[in-house]
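So the sequence lines, in the order shown, correspond to chains A and B.
Residue 1 is where the first sequence starts when you use full-length UniProt numbering, and the numbers rise one by one after that.
Residue 1 is where the second sequence starts when you use full-length UniProt numbering, and the numbers rise one by one after that.
It cannot be assumed that every hint is accurate.
Each pair may be met inside one copy or between any two copies, as identical chains are not told apart.
DSSO-like mimics (lysine-lysine), calculated; alpha carbons at most 30 Å apart, straight line [unchecked claim]: (1) Lys-220 / Lys-261; (2) Lys-173 / Lys-261; (3) Lys-255 / Lys-173; (4) Lys-381 / Lys-332; (5) Lys-45 / Lys-272; (6) Lys-70 / Lys-128; (7) Lys-41 / Lys-272; (8) Lys-261 / Lys-272; (9) Lys-274 / Lys-42; (10) Lys-220 / Lys-196; (11) Lys-72 / Lys-319; (12) Lys-193 / Lys-261; (13) Lys-274 / Lys-45; (14) Lys-196 / Lys-311; (15) Lys-41 / Lys-274; (16) Lys-193 / Lys-255; (17) Lys-272 / Lys-42; (18) Lys-285 / Lys-274; (19) Lys-28 / Lys-42; (20) Lys-261 / Lys-285; (21) Lys-255 / Lys-285.
Everything labelled a hint here was simulated from the structure, so no lab data went into it.
Protein chains: 2
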Amino acid sequence: MDTVLIIGAGAAGSVVAQKCAMDRDTFKHITLASRRIESCKKVAKMCKTPIEIAQVDADNVAEVVALINKVKPDLLINMALPYQDLPIMDACVETGTNYMDTANYEPREIAKFEYSWQWAYQDKFVEKGITAILGCGFDPGVSNIWCAYAQEHLFDEIEYIDIVDCNAGDHGKTFATNFNPEINIREVTQDGKYWKDGEWIEIPALSIRCDIDYPEVGPKASYLIYHEEEESLVKNIKGLKQIRFWMTFGEQYIKHLEVFKSIGLIGLEPIKHKGMDIVPMEFLKDLLPVPSSLAEGYTGKTSIGVIVRGKKDGKPLTKMLYNVSDHAETNKEVSAQAVSYTTGVPPVSGAAMFFKGIWSGKGVFNVEQFPSAPFLEDVAKRGLPTTIVDLAPGAQDELFSVKT
Amino acid sequence: MDTVLIIGAGAAGSVVAQKCAMDRDTFKHITLASRRIESCKKVAKMCKTPIEIAQVDADNVAEVVALINKVKPDLLINMALPYQDLPIMDACVETGTNYMDTANYEPREIAKFEYSWQWAYQDKFVEKGITAILGCGFDPGVSNIWCAYAQEHLFDEIEYIDIVDCNAGDHGKTFATNFNPEINIREVTQDGKYWKDGEWIEIPALSIRCDIDYPEVGPKASYLIYHEEEESLVKNIKGLKQIRFWMTFGEQYIKHLEVFKSIGLIGLEPIKHKGMDIVPMEFLKDLLPVPSSLAEGYTGKTSIGVIVRGKKDGKPLTKMLYNVSDHAETNKEVSAQAVSYTTGVPPVSGAAMFFKGIWSGKGVFNVEQFPSAPFLEDVAKRGLPTTIVDLAPGAQDELFSVKT
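The following block holds chain A by itself, in its conformation from the complex (with noise of 0.2 Å):
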């Protein structure tokens, strides 16, 4: 277990090749597959120790088939749009090779993105023998890790999970997405939900909001979005009453939303234009900064964690348990600002406890279903580590006093 594929070059695939060419112990063979390859031949420039670059058109399962038989990866690292995690699950499937992802899949038409559609892929999985590891990028990914450790290490009993996620950083741009512009509105501007004693509450777009306190970053408005992690974490942590997950935006990035979606400029269906059919949505991702582009010159930091509630021993706790990384640190370690090394690191560590044969299993996982202090550990050696903090009695009081 030493070769690795994998498939994307965007600004967090990039960070995920680097990495990997830092540690060829682990790592020996390192693939990296695009549909452009200009971009491999750019991300290869800037590893370390030297990788192979191929072209691929993620979309079509057979060029993917061929490239896996060129390649023959214990593992295929899919770093490509969340769109494409089917066909490339399509063709693990068929070739028989390992898979992990950072996103769950989306339909390209509709903003709707759960795991029923890749769940589905366990009896494959199963039959052939081999592992699918879904969402191992920060959150989801070391997100429901944290829950699993909480799960596993601090907690008897754990009762409200709170994800919150900022992004204090400042690109200097009026308006920037910090990845793939498309996934990132869409996953905004659809309507909220959270879950909450058994059953789920959806909430108008952006309609809740509260001042967290973020460590190392201060108070930021925060709006209650939904992420694709509450969907299985609600399933593998026992006893659950309530997880929410919160995202800062600021003034100016809600304004544009706002207006965006007055115009119908984040649109899936395709309108006339001169003759042709374009689809506003894919029109507005070209119009933007390419979010590779915002590294040079990114201030500032950013700050995640979770905030567990529960039990131990028979006494109320609460505990957090966070990362906070520079964005002008990773860009000088690997020329990425922090939201795309935090989505890149997480799964080469999430590879090495694969190759090791710490996380194993037949059949389709998420992240939180395999042990989780050394995942924490590896992860914290290659440049995310955590924090874990008891709040005090009133701490993030806002919070939770937030009527939902």
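Given the coordinates of chain A, work out where chain B should sit on it, guided by the hints.
Structure of chain B alone, referenced to chain A:
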């Protein structure tokens, strides 16, 4: 003199055709031409008496010449796009045809409008013994004629002119423009300027704002923008010390423009999208509601005027000349909202003045160079009455206290 050729069947062009068709004593032969014959057919159905229709590409001088030779109009009324003023004027020169428009030429590629290009036709029109009447809409148009009327009949000396343009209508859309979005957004997002003591003073777009108390509407936030009639009025109103133009914009409107500007959506240079060259501004136009679609259910009023300060018999005097139009009423009359109506009715009066020989001359003229009183009388009968009031000392003080 009884034959008119109207080119352009948009919202305002439709009003011109319908209003001409209501006065067959003056307009015995009416032809409406447009790039899209369907638009002409639709307008013809709305006319109270039968009109001719034709297909023409106004960018193509030879096509316009051919159409003129067929129709043999005494006057061509250009209601097409401002880019098309020059090819249409070329066709008029070639065929010896009198010309009228409502908006001055601006190049397609750059957001810059000025009369220089059209004034340069002076010698050609003189040589051919024909007349060009520029800017005979509402503003420019009626606004210029009010200034001429003030000069001829109300004042001995005019020092300050403020043209104030309020659309207090509600079309129920979060964002839409009342005329061609491309032209409207260009006009508003370019830097502002006004004329003072013999020179043009430039200001950043939308950087000077004050509340103006509009007749029948009340106080509204208004922004100093540059508007084309200022260029000819500083030449034709003698002794003028200052002229400014103000337009109302709501918060949502400004917010949308800011976002459009910030993400480059009003750019005139094509960007690459899936291998196609797409001009962002043109794509935006296709995203937004078609102005003619706003008439239905449009409520509220336009209130547009000129505030003139000067002297009469040695005493200081401030007068306001204005018109108020009601969206619902204009829609009832000609299925057009008031912005299209106020633009489309004045060229009909201008054409009547020309056919009656009240407006005459060889060369290129702005409307304030012609007799004002008979025009104002005529346009009032056709639906746009002028009210003239003395402003009490202190009225519109906020306007005059603006530091500029």
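- Message: Please list, smallest to largest, the hint numbers that this structure does not respect.
- Response: Violated hint (a single one): 11; every other hint is consistent with the structure.
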